[in-house]
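Based on the hints, put chains B and C in the right spot on chain A.
Residue numbers (this note's numbering), protein chains in the order written: chain A, 1 to 250; chain B, 1 to 183; chain C, 1 to 556.
Think of the hints as simulated: they come from the structure by calculation, not from any bench.
A quick note: this is a predicted structure, and the numbers were derived from the prediction, not measured.
One thing to keep in mind: the hints can contain errors.
Stated by the list, open to error - Each computed DSS-like pair below joins lysine-lysine, with the alpha-carbon atoms no more than 30 Å apart:
id: 1; chain 1: A; residue 1: Lys-163; chain 2: B; residue 2: Lys-183
id: 2; chain 1: C; residue 1: Lys-277; chain 2: C; residue 2: Lys-73
id: 3; chain 1: B; residue 1: Lys-161; chain 2: A; residue 2: Lys-91
id: 4; chain 1: B; residue 1: Lys-161; chain 2: A; residue 2: Lys-170
id: 5; chain 1: C; residue 1: Lys-511; chain 2: B; residue 2: Lys-183
To be verified - Far from chain C, by Cβ distances over 10 Å, these chain B residues were calculated:
id: 6; residue: Leu-24
id: 7; residue: Lys-29
id: 8; residue: Arg-57
id: 9; residue: Pro-98
id: 10; residue: Phe-103
id: 11; residue: Thr-117
id: 12; residue: Gln-128
id: 13; residue: Asn-135
C-beta: ideal position from N, C-alpha, C; glycine also.
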Amino acid sequence: MSARYGFVIDLDRCTGCGACMVACAAENNVPPANPRATPRTGLTPILVRKVSNGMEGAAHREAFIPIACMHCGNETPCVRVCPQQAVEVDKETGIVVQMPQRCLGCRYCMTACPYHARYFNWWDPAWPAGMERSLNPGVAVRMRGVVEKCNMCSARLHSAKEKAAAAGRKEIDPADYIPACAEACPTGAILFGNLADKNDPVASASHSSDAFRLLARIGTEPKVYYKSTEDWVKALAERDSPQPTEAQHG
Amino acid sequence: MGLALITGWTAFPRALYVRREQPLQFQHKTHSEKSGLTQCDSCHVVGSDGEFNGIARIETCAGCHAEKVGTSKAEATLVDSYIKPSRETPWLVYSRQPANVWFSHAIHTRRAGLACTDCHGAYGTSDQPKVYEQNRISGYSRDVEGHSMSGLGRAPHDGMKMSDCEDCHRRRKVEVGCLGCHK
Amino acid sequence: MKVSRRDLLIGGAGAIAGLVLSPVPWKLLGDSSIWTQNFPWIPQPARGPVETKYSACTLCEAGCGIRLRMAAKCPVGITGVRSHPVSQGALCALAFAAHQLNWHPRRLREVRHAGHAASWAEAQAAFRKACAEGPIAIIDGRPGRAASSAFEAFTRNHHGSYQVVLSAESQALSPYARWSGVSVASLGYDMENARTIVSFGAPLLDGWGTPGRFTRLWSVRAAGAADPQLRLIQIEPSLSRTAARAWRWIPVREASEAALAAGLARVLLEEHMVNAKGPMPQLSLAEAAAATGLSTEAIHDLAHTMLENRPVVVIAAGDNPAIAALNVLLGTVGAPGGIVRKRGDVPVQIAAGSLPSSLRAVLVDSTVPWEFSIPTDAEVFRFAAWDGGGNKAGWLLPAPGFLEELTDVPTPPTFSRETYAVALNLVAPSTEVQSAAQFLLKINPTLPVVKKVIQARCEEIFRGRKGTVYGEHAVAVTKIDSAQHLEEQLRQGAVWVGDAPSSGKLQCDLKEWPAENRLARTINWATAWVPPVFPALGTKLYQESNLRELPAGRQG
Numbered sequence: 001m002s003a004r005y006g007f008v009i010d011l012d013r014c015t016g017c018g019a020c021m022v023a024c025a026a027e028n029n030v031p032p033a034n035p036r037a038t039p040r041t042g043l044t045p046i047l048v049r050k051v052s053n054g055m056e057g058a059a060h061r062e063a064f065i066p067i068a069c070m071h072c073g074n075e076t077p078c079v080r081v082c083p084q085q086a087v088e089v090d091k092e093t094g095i096v097v098q099m100p101q102r103c104l105g106c107r108y109c110m111t112a113c114p115y116h117a118r119y120f121n122w123w124d125p126a127w128p129a130g131m132e133r134s135l136n137p138g139v140a141v142r143m144r145g146v147v148e149k150c151n152m153c154s155a156r157l158h159s160a161k162e163k164a165a166a167a168g169r170k171e172i173d174p175a176d177y178i179p180a181c182a183e184a185c186p187t188g189a190i191l192f193g194n195l196a197d198k199n200d201p202v203a204s205a206s207h208s209s210d211a212f213r214l215l216a217r218i219g220t221e222p223k224v225y226y227k228s229t230e231d232w233v234k235a236l237a238e239r240d241s242p243q244p245t246e247a248q249h250g
Numbered sequence: 001m002g003l004a005l006i007t008g009w010t011a012f013p014r015a016l017y018v019r020r021e022q023p024l025q026f027q028h029k030t031h032s033e034k035s036g037l038t039q040c041d042s043c044h045v046v047g048s049d050g051e052f053n054g055i056a057r058i059e060t061c062a063g064c065h066a067e068k069v070g071t072s073k074a075e076a077t078l079v080d081s082y083i084k085p086s087r088e089t090p091w092l093v094y095s096r097q098p099a100n101v102w103f104s105h106a107i108h109t110r111r112a113g114l115a116c117t118d119c120h121g122a123y124g125t126s127d128q129p130k131v132y133e134q135n136r137i138s139g140y141s142r143d144v145e146g147h148s149m150s151g152l153g154r155a156p157h158d159g160m161k162m163s164d165c166e167d168c169h170r171r172r173k174v175e176v177g178c179l180g181c182h183k
Numbered sequence: 001m002k003v004s005r006r007d008l009l010i011g012g013a014g015a016i017a018g019l020v021l022s023p024v025p026w027k028l029l030g031d032s033s034i035w036t037q038n039f040p041w042i043p044q045p046a047r048g049p050v051e052t053k054y055s056a057c058t059l060c061e062a063g064c065g066i067r068l069r070m071a072a073k074c075p076v077g078i079t080g081v082r083s084h085p086v087s088q089g090a091l092c093a094l095a096f097a098a099h100q101l102n103w104h105p106r107r108l109r110e111v112r113h114a115g116h117a118a119s120w121a122e123a124q125a126a127f128r129k130a131c132a133e134g135p136i137a138i139i140d141g142r143p144g145r146a147a148s149s150a151f152e153a154f155t156r157n158h159h160g161s162y163q164v165v166l167s168a169e170s171q172a173l174s175p176y177a178r179w180s181g182v183s184v185a186s187l188g189y190d191m192e193n194a195r196t197i198v199s200f201g202a203p204l205l206d207g208w209g210t211p212g213r214f215t216r217l218w219s220v221r222a223a224g225a226a227d228p229q230l231r232l233i234q235i236e237p238s239l240s241r242t243a244a245r246a247w248r249w250i251p252v253r254e255a256s257e258a259a260l261a262a263g264l265a266r267v268l269l270e271e272h273m274v275n276a277k278g279p280m281p282q283l284s285l286a287e288a289a290a291a292t293g294l295s296t297e298a299i300h301d302l303a304h305t306m307l308e309n310r311p312v313v314v315i316a317a318g319d320n321p322a323i324a325a326l327n328v329l330l331g332t333v334g335a336p337g338g339i340v341r342k343r344g345d346v347p348v349q350i351a352a353g354s355l356p357s358s359l360r361a362v363l364v365d366s367t368v369p370w371e372f373s374i375p376t377d378a379e380v381f382r383f384a385a386w387d388g389g390g391n392k393a394g395w396l397l398p399a400p401g402f403l404e405e406l407t408d409v410p411t412p413p414t415f416s417r418e419t420y421a422v423a424l425n426l427v428a429p430s431t432e433v434q435s436a437a438q439f440l441l442k443i444n445p446t447l448p449v450v451k452k453v454i455q456a457r458c459e460e461i462f463r464g465r466k467g468t469v470y471g472e473h474a475v476a477v478t479k480i481d482s483a484q485h486l487e488e489q490l491r492q493g494a495v496w497v498g499d500a501p502s503s504g505k506l507q508c509d510l511k512e513w514p515a516e517n518r519l520a521r522t523i524n525w526a527t528a529w530v531p532p533v534f535p536a537l538g539t540k541l542y543q544e545s546n547l548r549e550l551p552a553g554r555q556g
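Isolated chain A (complex conformation):
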């Protein structure tokens, strides 16, 4: 089986609630913030960013864009620069797998990632006393000094594979594998599935005329698509930064 797992995120439906951010952190044993952490030094494998069309008054529009690892399919930048081979593109699933245990913390990948989707463990993870009992046994806990990012909740893929094996099947049941962000989204804005499977709704959604990818011009072939009926949102796709400047509107 050769799948290409990916997402289509519907920005008409994203309300910026942040459920995906919390669900992701809980599933992946991401620690709560160190007291000194800031938005620059925090650990948010999926990060919802607010964007606006830069207009004032009644013409002012806002939207929210969840950004996580795009699982680039072509010349994956982080894979190319890692001196440790701590990240690879999984042949079977297309997931770009980060192995924090191999990482030596040079952060070259963080520089290379065009989507700023990689995060560094500036501090050792610390949970309040006793809270480690609520850690997910399917995900290894990282330590200070390594980079981490979205791994498409591969713990859930593992569980799906085991369940399939126990039932004598080689292929997983697609209903058994859904990343935490997609499962948590209250409006169903995050659609997950196998882009290579014609019958999977995510495949057809990715071909919709309203679908686009961020920084498509640089050719990384992300597996995360976005969808919007609003032109100003689509226009943000090729910008270097989600914040509009004065030159943007008009």
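Leaving out everything else, chains B and C in the frame of chain A:
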């Protein structure tokens, strides 16, 4: 040079590993021959959701040993120290892997068709637990690291390090990426 | 034998060569690096059998269906239940870390009195004394539970008063309760049958009611459509998340919602756009325009737009009689798509704003929001699982935390049908806790016991032969063979949902346009979160990103 060589190959291994005792002297042989638990999966079970239970929980032991059925000291310890107070027996696990390793018993036994003995040896007929030797520095058991430091004279199921997994995968031509074995 | 320097050098070289050919340096190098991977201060997840349990979330009145992944009898993951007819798989953002709440650093682990540690025995003695010395009150933040019946019974037997704290959603329904005589708990919105929803600042897409109920409805029938089946008009001073996604955002000045309602009512009545003939508001259209900052044309257009796709229902953010009066004018009260009366009837409860002035003691249940200020100088016995901080004199009593007690989940206020669910004590408390109901039971052993009340309610549902139980499958109550079986299903995480409301059973008599202007509570994204503290992972939203701001007075 000779002194260093000799010390390195004899005294060092002995010093590096510390022998630890299992909480009680469990006999596989008694259970497999006398109690009708002839298959490994009578107690070491892959569940319907694919999860492997590892060493049976105390409730499983209590199924037969709620009261003492024999005369051994081991059973007395089991019943008095663990079954009666409902405590899990703190077994020392020979094949305990690092936290970032994902090994699926379901996939290896059902899809690959491996027998338990292929990796764990003919342990089911043993009449005493294997000696548990723990590496003082890394904390892992010698069963995982491999008894033979030189690699010579190694039994097929000796050693469960990543290189051992890779060797078997290479021999059987089963390609997996990092995702296949790590979490 | 004399050892010369040469011998030493040769010996040393030989030793080094020998060492290199021995496993010593290589093994030490490898083992040391492995040692660095296992520092003891890095927490490791527990190993243990993994189970799945279903329950209802008890952190607020929404009662969302939850699925818990448990390892070694401890929750390690929480998610919604897609087949739950109300929450439909969604939870509020913070609930995804709720399973970690019980170990929050601010977890209340000991009885405290006036800032010092105390004991349960002392607290009991003090409360008994207070009951004997004068009138007491019990404040309940989530009426309708089995525990609530214990509170009511206690206050009846001890000359006390039982008061409830209403959520913002319930407060928004209060005008209809006052005008119809029906309890607020029996009212709801029939949103599924509405085609236009006009929200006056109610955060419908951001934690209002049972979050999934409207977000799913809106996602299917409105999102992304230029001409949606369900039109959401958001009236609000600033561009909130709901306003940003709404079909129309009408920006108005702060606190001018009542004026806009009056202006709209004028247009509707003067142009005979509704069947109702009154009551006419005192405010003129020009005055409404001046107060809201909208032009008279804009108000005029809004009135027309509201009626384009009916049924239309208007939802306020809090107790705003003018907005409720608008609904009465529009004829939405008691009609499909509007304000409906759920089938079960709940006795009327008294809101906590009207506490008697001279009280000896007040017992505050853990379901009452932390920032609720008790307007009295009586001795306060505050039950809470977490210490929200701030200067709180009186008694702080450690209550059960998340899923640490058996409790039931009555109908969420905004839903159009009755529902009932049960939440088991799936987690063993790690500290000595007592719920307020258990505390009172020690003083008066004749009080209703939660377990028995739940059993009685399940029997009542069974005997009623109405509704459906949604568990792994949806089963009509008529097809369930016993009350015990029904209760067992609920204990396993299923939810009972009653029949659809019958129409025409709700009437509001409104003679005059409401003059009073009750200020709505300020709503922010954290208002719906009842526990005194945010889950530890809440930092993702407000410290490690700019997505949300920590509201003033709330602690992380």
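Okay, the hints, checked on the actual structure:
no.: 1; hint: A:Lys-163 <-> B:Lys-183; verdict: holds, 17 Å
no.: 2; hint: C:Lys-277 <-> C:Lys-73; verdict: violated, 62 Å
no.: 3; hint: B:Lys-161 <-> A:Lys-91; verdict: holds, 23 Å
no.: 4; hint: B:Lys-161 <-> A:Lys-170; verdict: holds, 26 Å
no.: 5; hint: C:Lys-511 <-> B:Lys-183; verdict: violated, 67 Å
no.: 6; hint: Leu-24; verdict: holds, 20 Å
no.: 7; hint: Lys-29; verdict: holds, 27 Å
no.: 8; hint: Arg-57; verdict: violated, 7 Å
no.: 9; hint: Pro-98; verdict: violated, 7 Å
no.: 10; hint: Phe-103; verdict: holds, 13 Å
no.: 11; hint: Thr-117; verdict: holds, 24 Å
no.: 12; hint: Gln-128; verdict: holds, 25 Å
no.: 13; hint: Asn-135; verdict: violated, 6 Å
This entry does not satisfy hints 2, 5, 8, 9 and 13, going by the numbered hints stated previously.
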